[in-house]
Amino acid sequence: MTDPHAGVAATAVRQPEPPQIWRDYYQQMSLIRAFELRAAEMYQRAKIGGYCHLNVGEEATVVGLMAALAPRDYLFTTYREHGYALARGMEAGRVMAELFGKSTGVSGGRGGSMHLFDQRLRMLGGYGIVGGQIPPATGAALALTYRGEPGPNAEAVMCLLGDGTTNIGSFHESLNLAALWHLPIVYVIVNNGLGMATTVEHASAEPDLYKRGCSYRMDGVRVDGNDVIAVRDAAREALTRARVEHKPTILEAVSQRLRGHSVVDPARYRTAAETERLRSHDPVHMVRARLIDDGVLDEDSARRIDESAEAQVNAAVAFAEESPDPDVATLFEYAYATPVPNTPHRLPADPVIAGGMAGS
Amino acid sequence: MTDPHAGVAATAVRQPEPPQIWRDYYQQMSLIRAFELRAAEMYQRAKIGGYCHLNVGEEATVVGLMAALAPRDYLFTTYREHGYALARGMEAGRVMAELFGKSTGVSGGRGGSMHLFDQRLRMLGGYGIVGGQIPPATGAALALTYRGEPGPNAEAVMCLLGDGTTNIGSFHESLNLAALWHLPIVYVIVNNGLGMATTVEHASAEPDLYKRGCSYRMDGVRVDGNDVIAVRDAAREALTRARVEHKPTILEAVSQRLRGHSVVDPARYRTAAETERLRSHDPVHMVRARLIDDGVLDEDSARRIDESAEAQVNAAVAFAEESPDPDVATLFEYAYATPVPNTPHRLPADPVIAGGMAGS
Amino acid sequence: MTMQTYRQALHDTLRTELLHDESVILLGEEIGIFEGSYKITAGLLSEFGPARVRDTPISEGGFVGAAIGAAMLGMRPVVEIMTINFSLQAIDQIVNHAAKMHAMFGGQVSVPMVIRTPGGGGQQLAATHSQNLEVWYAHVPGMKVVAPATPADAKALLTAAIRDDDPVLFLENLALYNTKGEVPDGEQVGQIGAAAVVKQGRDLTVISYSRAVSIALEVANQLERDGVSVEVVDLRSLRPLDRETVCASVRKTSRAVVLEDDWLSYGVGAEIAATIQEGAFDYLDAPVRRVAAAEIPLPYAKSLETAALPTAADLVKVIGEVLDATRFTR
Amino acid sequence: MTMQTYRQALHDTLRTELLHDESVILLGEEIGIFEGSYKITAGLLSEFGPARVRDTPISEGGFVGAAIGAAMLGMRPVVEIMTINFSLQAIDQIVNHAAKMHAMFGGQVSVPMVIRTPGGGGQQLAATHSQNLEVWYAHVPGMKVVAPATPADAKALLTAAIRDDDPVLFLENLALYNTKGEVPDGEQVGQIGAAAVVKQGRDLTVISYSRAVSIALEVANQLERDGVSVEVVDLRSLRPLDRETVCASVRKTSRAVVLEDDWLSYGVGAEIAATIQEGAFDYLDAPVRRVAAAEIPLPYAKSLETAALPTAADLVKVIGEVLDATRFTR
Ligand SMILES: Cc1ncc(C[n+]2csc(CCOP(=O)(O)OP(=O)(O)O)c2C)c(N)n1
Ligand SMILES: Cc1ncc(C[n+]2csc(CCOP(=O)(O)OP(=O)(O)O)c2C)c(N)n1
Ligand SMILES: [Mg+2]
Ligand SMILES: [Mg+2]
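Protein chains in written order, with this note's numbering: chain A, 1 to 360; chain B, 1 to 360; chain C, 1 to 330; chain D, 1 to 330.
Because the hints were derived from the structure by calculation, they are not lab data.
A couple of the hints might just be wrong.
Claimed, not checked - When the alpha-carbon atoms are kept at most 25 Å apart in a straight line, the in silico DSS-like pairs for lysine-lysine are as follows:
#	chain 1	residue 1	chain 2	residue 2
1	D	K317	D	K302
2	D	K199	D	K317
3	D	K252	D	K302
4	D	K302	B	K47
5	A	K47	C	K302
6	A	K211	B	K47
7	C	K180	C	K39
8	D	K199	D	K180
9	D	K39	D	K199
No experiment lies behind these values; they were computed from the predicted model shown.
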């Protein structure tokens with residue numbers, strides 16, 4: 001079991017955060033939690049198909065990372081990305097509509113849960129192939145080196161990946177390129193302890209994942225993924241290094257997955273005790289309790305936040321429900337970005353050459 | 001430029017080697033050198049086709065590694081493997097015949113220079129795809145774990161790879177598996193400073209390649225590849241660790257390529273000065289001179305060794321010349337190990353279904 | 001005979017072969033503790049232990065390559081790749097290594113490895129998780145590729161694949177795992193390289209494989225009632241391909257339609273149509289038609305996914321067109 | 001018009017596009033200091049510098065994937081993969097990512113990347129270095145695949161590919177680099193998705209692409225002297241495939257032979273034959289025949305390699321058989 005504090009650089013005593021910041025972070029966490037629980041429900045009710053992976057338990061990591069990422073930066077995520085989409089600023093309705101496979105979804109209903117994309121918000125996709133996002137994210141950082149000089153206002157790339165993903169070849173090849181070419185990118189390993197049912201220790205010969213940059217002379221830091229401020233500050237530091245020094249960094253956020261790998265996984269491989277332990281560290285509950293203790297919120301204001309999150313999710317579901325399915329006439333709409341002759345627009349029963357059948 | 005001595009564990013003062021050992025090693029080095037120079041000549045004379053990569057300059061590394069490897073061990077190499085084949089015990093004639101594409105070649109003329117194979121000698125292939133040999137070699141070590149207990153007499157696997165090959169995904173995936181599963185294997189990185197024309201510093205963000213096991217908690221050692229004894233002893237140590245502890249190791253041998261990447265590469269990217277420097281470190285010349293200094297050999301005995309190497313290579317060429325080309329009738333002989341119906345044995349002008357043409 | 005699901009038939013066959021031959025080992029992601037993404041290996045870890053049923057990291061190239069090396073030393077690894085889409089991570093090891101070694105090394109070594117992997121769309125898994133790429137492997141000499149359509153064939157062909165000394169890609173399909181069928185008891189060793197006429201007919205031949213065979217049979221039986229006698233050929237083996245069985249059927253029926261789940265252009269059906277027009281030219285009354293997936297990265301939205309994938313209705317329509325073109329009278 | 005080699009035409013086109021558009025960058029192994037394994041990029045590093053002509057480590061998956069990401073941000077990377085055999089290391093990035101993004105993300109992003117890579121055997125490079133795997137890429141929606149046969153087409157199609165907003169696999173061939181031809185001066189933008197009749201004829205159509213086209217033309221000209229009028233269709237683009245041009249030719253000649261360098265089963269020729277038998281059924285006097293490589297991992301030995309690869313003699317023989325089968329009288 002990874003100790004979230006092992007290897008964490010003791011940070012200077014923190015400035016207390018303004019209450020408004022805390023309220024904002026809690027609002028986001030509460031919205032993500034409500035959205036994810038509803039997504040699970042909608043999946044059970046067959047409104048959502050395919051695979052559906054939730055951020056339940058990772059809300060502090062999600063919000064901390066997105067708080068650090070500037071609008072000018074680019075984001076590449078995994079298939080476990082609903083929370084990132086919301087925190088990055090996608091409308092809950094259009095995200096839910098994507099999960100429902102509706103034409104109003106952020107990817108036009110073509111991508112689904114694993115493939116949320118918003119060009120305007122520079123969130124360049126959820127990716128369903130393990131490690132698939134790492135080389136393109138690295139190439140996005142390469143493109144930035146042609147755009148402008150390093151500096152505090154430069155753009156940078158953040159690339160998310162899971163703990164299990166550190167064992168695939170694209171991780172190695174990409175991090176070597178990023179270090180070799182001095183690319184402005186932060187690789188965030190969201191270490192939730194498991195790849196499906198496989199523990200980090202069972203999958204990675206170096207289970208202290210933040211150390212795996214050693215093969216590229218790349219610095220790595222680990223933060224407690226349940227500590228939204230620590231996550232934000234570590235991500236900011238790494239992003240600054242990317243902007244100013246064009247130095248890539250590994251940031252490991254030790255987080256947790258409170259549910260199964262995907263909505264359909266009952267996670268039987270986890271003991272009741274383990275599940276209990278995780279529940280007791282639920283980041284949403286912890287932040288809520290803490291803010292009430294600190295007097296940033298009281299029961300009422302906290303409830304109001306949770307209720308408004310519920311209300312947003314209700315509206316999102318309503319929007320998704322009412323939205324139309326993509327029209328079958330648009331099936332071939334995105335066949336190519338540059339149209340060329342003889343592009344096949346053929347339905348399964350059509351002949352290969354229009355103009356129908358010869359025969360004797 | 002990699003310092004062959006940086007990071008080299010100061011070894012205890014060595015026992016002097018018995019003269020017979022030295023003579024044996026020099027004989028092997030002299031044979032490899034003579035074979036490679038002749039191979040280059042035969043390529044120029046179009047007796048050899050395809051790609052032809054030489055071990056010229058790497059003879060001390062080759063002989064040191066093969067001296068450490070026991071007959072019961074398994075060897076996986078790259079496409080730059082003529083010397084390993086000879087030192088492992090393949091007949092020079094059958095190796096040259098393979099380069100000539102003759103039926104008497106070690107791979108029946110089917111593999112050529114890049115694909116020397118001898119099941120009996122447990123040399124399980126040269127491999128032409130960069131990094132392609134690493135996963136199978138790792139799997140061979142996995143197979144050994146089902147065969148018998150660890151111990152000084154256990155079998156082990158040696159897998160060779162070049163410096164440039166440390167940047168491909170299969171290197172990462174395989175080393176992680178070997179460390180995770182405690183496999184009896186030694187990964188030997190033959191660091192000759194270049195992948196074609198690309199320097200180590202230009203390709204690897206951690207140019208101290210023996211350190212690249214850090215991502216798997218795998219030990220690494222570097223030896224001077226021109227020091228045949230140091231190479232042998234380091235390889236023995238690593239092999240013992242593999243046999244007794246089932247612990248994989250990275251062994252980096254800092255060596256040099258005195259010729260181009262392959263026979264057809266004039267290596268224009270290397271300065272005359274650099275070429276000069278390399279020549280002055282020619283391992284074959286250095287060992288020869290040293291053995292004469294130490295009185296292990298005198299000019300005569302040294303010349304006799306070189307002449308007998310020449311003689312062996314002459315005989316090898318003669319054997320290759322006289323050997324028959326593979327019979328075209330055998331084209332499909334190795335289509336499958338287990339024959340099954342409908343295996344296509346079709347030449348380019350044959351119809352897809354024997355029994356010829358219908359037509360109206 | 002026992003009534004079993006395709007999943008159960010695979011599970012029982014793996015278990016039988018693990019018991020039958022010590023050199024058989026299973027490797028793959030999540031096949032142990034998780035019991036397999038599709039639960040094919042349920043219970044095998046606890047019965048055979050972690051050495052014989054080995055969970056791997058997410059390193060398809062690494063562990064498929066490791067299986068190749070183990071096979072070179074005489075083990076019989078059966079690898080599960082979660083879906084054929086992920087086999088692209090391992091394809092260099094499969095095609096440039098496993099498929100080459102026996103011939104390239106002059107017959108000195110063989111690679112008795114099986115790769116089990118499901119293909120198929122229709123589950124709303126979107127473009128990267130819904131592909132049918134078996135034609136790539138079927139194109140490659142040195143490979144064997146089988147695609148059983150029924151639980152009985154799954155048992156027989158998996159047994160044959162595991163006992164075969166060459167690398168075998170064993171194609172499964174997400175939509176087949178829960179389908180049921182009669183499975184003969186006791187040892188059954190199928191024939192790699194042989195197709196089968198799974199329904200006799202006189203008027204038209206439908207050629208298919210894997211999941212699509214059940215659709216072909218459903219349509220054939222339906223048309224039977226309308227007085228059209230459809231013969232169904234199940235390819236079973238894509239490499240080697242049993243051309244003679246296909247052509248013999250078409251020489252009899254003089255009409256042919258291919259039903260395939262992959263994309264039309266350069267798909268499996270292209271080879272079947274090309275083979276028929278050469279091997280049964282004088283007997284063909286109409287062009288061989290192909291019913292295949294629309295050529296677009298498969299969208300997630302159900303409405304679009306359904307439109308893009310071949311259905312029984314599509315097959316009925318195309319069969320009708322072929323019959324009309326040949327003035328067939330019911 | 002200038003007489004140029006295929007190599008020179010590629011080199012000059014890359015240079016022209018580097019000058020023409022700042023967002024064009026070249027990436028690949030050994031394209032800079034080494035000037036390219038086949039010297040296509042000779043001199044470009046010194047002219048344009050290491051930022052625009054970038055030597056990469058041996059990480060095909062990594063740098064092709066990086067090119068995809070750069071293209072997503074508006075760069076126009078032209079990647080060289082040393083040979084198509086090594087593209088297997090990058091195929092997940094090419095097929096599961098580059099080919100999917102535009103459609104899967106609802107048209108919000110495109111991937112204007114070109115992958116230049118040579119295929120082909122005949123150089124005694126043995127089984128792993130001699131493959132023709134273009135049919136795999138041609139099977140995949142979202143990809144564009146072009147295979148120019150002449151220096152002029154190399155120039156025109158490379159220009160088109162670089163300016164196209166979709167991922168394009170640009171197939172070269174080891175045996176073509178030193179071939180010569182007339183190349184029109186000035187800007188030439190070819191048409192992706194269009195085939196061409198490169199020699200008119202009446203009696204039989206030979207369909208081919210890339211290196212094999214030169215053999216088809218050689219044979220066609222030879223047979224002309226024997227009184228057989230052979231039309232030659234150069235596919236130029238494998239995806240999209242210009243079926244109409246192929247079928248129109250066969251409707252005229254009523255006989256067709258495909259000449260291809262890849263393996264026969266499930267190769268490019270399978271789609272061509274399948275297309276013709278459907279699109280020109282009533283016009284065909286004999287089956288479409290395919291002349292293709294023997295289905296075996298290509299041996300190194302010259303005697304075996306030569307026997308396994310299609311030659312002009314093979315094409316002449318098969319054309320003869322087709323003519324005889326149709327009682328053609330010279
Ligand atoms: C190349 C590839 N192999 C396997 C899979 C199946 N798969 C999807 S998610 C997953 C586990 C990933 O674990 P981790 O990286 O820790 O991310 P997490 O799910 O925990 O967020 C696997 C094996 C895949 N999608 N792609
Ligand atoms: C996957 C793959 N990519 C590229 C190549 C082309 N190639 C052959 S050898 C080589 C350089 C390898 O350098 P290194 O690993 O240092 O070995 P060396 O040649 O120096 O012995 C390259 C790029 C290949 N054979 N396989
Ligand atoms: Mg995880
Ligand atoms: Mg090297």
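Is the Cα-Cα distance between D:K39 and D:K199 25 Å or less? Violated - the C-alpha atoms of D:K199 and D:K39 are around 31 Å apart, more than 25 Å.
Is the Cα-Cα distance between D:K199 and D:K180 25 Å or less? 18 Å, holds
Hint consistency between C:K180 and C:K39 [alpha-carbon to alpha-carbon, up to 25 Å]: 16 Å, holds
Is the hinted pair D:K302 and B:K47 satisfied, with a Cα-Cα distance of at most 25 Å? 10 Å, holds
Take the C-alpha atoms of D:K252 and D:K302, compute the straight-line distance between them, and say whether it is at most 25 Å. 40 Å, violated
Would you check the hint for A:K211 and B:K47, treating anything up to 25 Å between C-alpha atoms as holding? 51 Å, violated
25 Å limit on alpha-carbon distance, applied to hinted pair D:K317 and D:K302: The given pair, whose Cα atoms are some 22 Å apart, holds under the 25 Å limit.
Take the C-alpha atoms of A:K47 and C:K302, compute the straight-line distance between them, and say whether it is at most 25 Å. 10 Å, holds
Just to be careful, I want the Cα atoms of D:K199 and D:K317 compared with a cutoff of 25 Å; is the pair within it? 20 Å, holds
Checked against the numbered hints listed earlier, the structure breaks hints 3, 6 and 9; every other hint is satisfied.
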